[in-house]
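Participant: Sequence:
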Amino acid sequence: MSGDLTRGERLQIMLSPEELAALDDFRFKQRMPSRAAAVRELFRLGLASVGIRPAEAGSKSGDFGVFNIGPEGHKLGTNGEKPKR
-10 MSGDLTRGER LQIMLSPEEL AALDDFRFKQ RMPSRAAAVR ELFRLGLASV GIRPAEAGSK
50 SGDFGVFNIG PEGHKLGTNG EKPKR
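In the numbering used here, the protein residues as written are -10 to 74.
For the record, the hints were derived by calculation from the structure and aren't laboratory data.
Hints are not guaranteed to be accurate.
[Stated by the list, open to error] Taking lysine to aspartate or glutamate pairs in the EDC-like style, the calculated list, with each CA pair at most 20 Å apart, reads: (1) Lys18 - Glu30; (2) Lys18 - Glu7; (3) Lys18 - Glu8.
Can you make the complete structure from the sequences, with help from the hints?
Facilitator: Structure follows, in structure tokens:
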């Protein structure tokens, strides 16, 4: 994730005392400036651990579809064939 400071969305979460202690431990061990920065880093690490990377600049929403688009505009199945109707 970028270091962009113009974040337009706010996300509020509730944590148990144990979760908050774990977050603060992570934050201080990593010398992070804030809880928010620590949450963003943990979020990034969690997504990376399951193989999800942030979208690259210039990506379009159509780049994240379930099916591939074929040469004639039809959708291709996961095996590259036209789905049966």
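Participant: Check the hint pairing Lys18 with Glu7 against an upper bound of 20 Å on the C-alpha distance.
Facilitator: 16 Å, holds
Participant: Check whether the Cα positions of Lys18 and Glu8 lie no farther apart than 20 Å.
Facilitator: 15 Å, holds
Participant: Are the Cα atoms of Lys18 and Glu30 separated by 20 Å or less?
Facilitator: 13 Å, holds
This entry satisfies every hint, going by the numbered hints stated previously.
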